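J.: Put chains B and C on the given structure of chain A with help from the hints.
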Amino acid sequence: MDPHLKSLILENPVFRSYLFYSSILALKMMLMTLLTIRQRLLNNALVSQEDAAFLGGTVCWTNEKVERVRRGHRNDMESIYLFLLVAFAYIWTDPEPVWADYLFLTFTIARILHTVVYNVIVVPQPARGLAWLVGYLITGYMAIKTYTAFK
Amino acid sequence: MDPHLKSLILENPVFRSYLFYSSILALKMMLMTLLTIRQRLLNNALVSQEDAAFLGGTVCWTNEKVERVRRGHRNDMESIYLFLLVAFAYIWTDPEPVWADYLFLTFTIARILHTVVYNVIVVPQPARGLAWLVGYLITGYMAIKTYTAFK
Amino acid sequence: MDPHLKSLILENPVFRSYLFYSSILALKMMLMTLLTIRQRLLNNALVSQEDAAFLGGTVCWTNEKVERVRRGHRNDMESIYLFLLVAFAYIWTDPEPVWADYLFLTFTIARILHTVVYNVIVVPQPARGLAWLVGYLITGYMAIKTYTAFK
Numbered sequence: 001m002d003p004h005l006k007s008l009i010l011e012n013p014v015f016r017s018y019l020f021y022s023s024i025l026a027l028k029m030m031l032m033t034l035l036t037i038r039q040r041l042l043n044n045a046l047v048s049q050e051d052a053a054f055l056g057g058t059v060c061w062t063n064e065k066v067e068r069v070r071r072g073h074r075n076d077m078e079s080i081y082l083f084l085l086v087a088f089a090y091i092w093t094d095p096e097p098v099w100a101d102y103l104f105l106t107f108t109i110a111r112i113l114h115t116v117v118y119n120v121i122v123v124p125q126p127a128r129g130l131a132w133l134v135g136y137l138i139t140g141y142m143a144i145k146t147y148t149a150f151k
Numbered sequence: 001m002d003p004h005l006k007s008l009i010l011e012n013p014v015f016r017s018y019l020f021y022s023s024i025l026a027l028k029m030m031l032m033t034l035l036t037i038r039q040r041l042l043n044n045a046l047v048s049q050e051d052a053a054f055l056g057g058t059v060c061w062t063n064e065k066v067e068r069v070r071r072g073h074r075n076d077m078e079s080i081y082l083f084l085l086v087a088f089a090y091i092w093t094d095p096e097p098v099w100a101d102y103l104f105l106t107f108t109i110a111r112i113l114h115t116v117v118y119n120v121i122v123v124p125q126p127a128r129g130l131a132w133l134v135g136y137l138i139t140g141y142m143a144i145k146t147y148t149a150f151k
Numbered sequence: 001m002d003p004h005l006k007s008l009i010l011e012n013p014v015f016r017s018y019l020f021y022s023s024i025l026a027l028k029m030m031l032m033t034l035l036t037i038r039q040r041l042l043n044n045a046l047v048s049q050e051d052a053a054f055l056g057g058t059v060c061w062t063n064e065k066v067e068r069v070r071r072g073h074r075n076d077m078e079s080i081y082l083f084l085l086v087a088f089a090y091i092w093t094d095p096e097p098v099w100a101d102y103l104f105l106t107f108t109i110a111r112i113l114h115t116v117v118y119n120v121i122v123v124p125q126p127a128r129g130l131a132w133l134v135g136y137l138i139t140g141y142m143a144i145k146t147y148t149a150f151k
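Protein chains in written order, with UniProt numbering: chain A, 1 to 151; chain B, 1 to 151; chain C, 1 to 151.
No lab work stands behind these hints, which were simulated from the structure alone.
Identical chains share a label here; the pair holds if one copy fits it or two copies do between them.
Pairs of lysine to aspartate or glutamate, EDC-like flavour, derived with a Cα cap of 16 Å:
| no. | residue 1 | residue 2 |
| --- | --- | --- |
| 1 | K145 | D94 |
| 2 | K65 | E50 |
| 3 | K145 | E96 |
| 4 | K151 | E11 |
| 5 | K151 | D101 |
These numbers come from a predicted model, not from an experiment.
Excised from the complex, chain A in its bound form (with noise of 0.2 Å):
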């Protein structure tokens, strides 16, 4: 075994990889929340009853706009979450670190396209579909690989 991964260190590249693309998701995933606001205003359609007083516009919880940003950012917590939860215990796997940066790198790319076309423009499926299989299959490959290195 890579004597790197007798503990968690910065010498190890797969956790500077690791590292580097959680920065990268977190701020993608903030920007779902600043889309949400920006359809809440266009479309007049706010959360709350003391958002509605403040703005002086109106409570909706049925806009599609609104509701299909949300439905990005619920599938980001449902994919980017677990992909940054499993592949920390997919570093103790000692990957080859080539392949595991190649790894984040797809499964980053795979979900800023996920919310181009599912947020951004909306783009006919299997579009968005795609986009979240390879990165559903990312994630299904690196908790199968830590399941098997330590059962």
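T.: Relative to the frame of chain A, chains B and C by itself:
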């Protein structure tokens, strides 16, 4: 203190156990997405216009069978993500390895049972409530232990 | 670089601080579930047929008081989980311990205030918006610092 705990290393059996149950819980959560897709197709309750256009179905946001799986998935996000984050902190309180492993195992079984009685076969309450409670108490115990150790 | 940062060890005060605030934030999030249960019982707005059968109540998915707590809980998942994942990466950028502790403390207070003004006593806006913004800016700052350190 156990010298293994001076840094995060694979020689620490609690940490190995954490990585192992992480992978199982991740795979269990990934299953929720497949269960949601299955219910959307079975009940012709798709989530967006582009999905309806692609599959030739109809959009519906209020189908009980679909929403039931989505509630289960959301409950996983509320419970399992919190467990994984708290358990990571709890590792550093230097628990007895056999005891920590038992907590992780029990949490994992409780969450699998939660999915079974909520989203596979619907079992009358208090089945789901009890499955949820076991996971909740374990997470709370670990959070309080961590708080006490590092306050 | 601080030699403590060569690996993840308890001698690193930033890491100890992270573990401590993890436990408080986890306990705060767990409280949201109790607040939801309380509103479901107070307003007789249960979530499923088996709950209604067990408790002798009615199913309702659109009660404002229940949904308000669920939105607060969801906002915690969007904010606190992201903070915990980003803060873990931020530890490795070797921040000044006093500064990191201040950021973690401020985030924790802001999120507790968010719950108070949203789900305990309803305070007019911009109270909730400001509480949310403080946590958002801290998370964004840490994500950008991490990106810069490991790009």
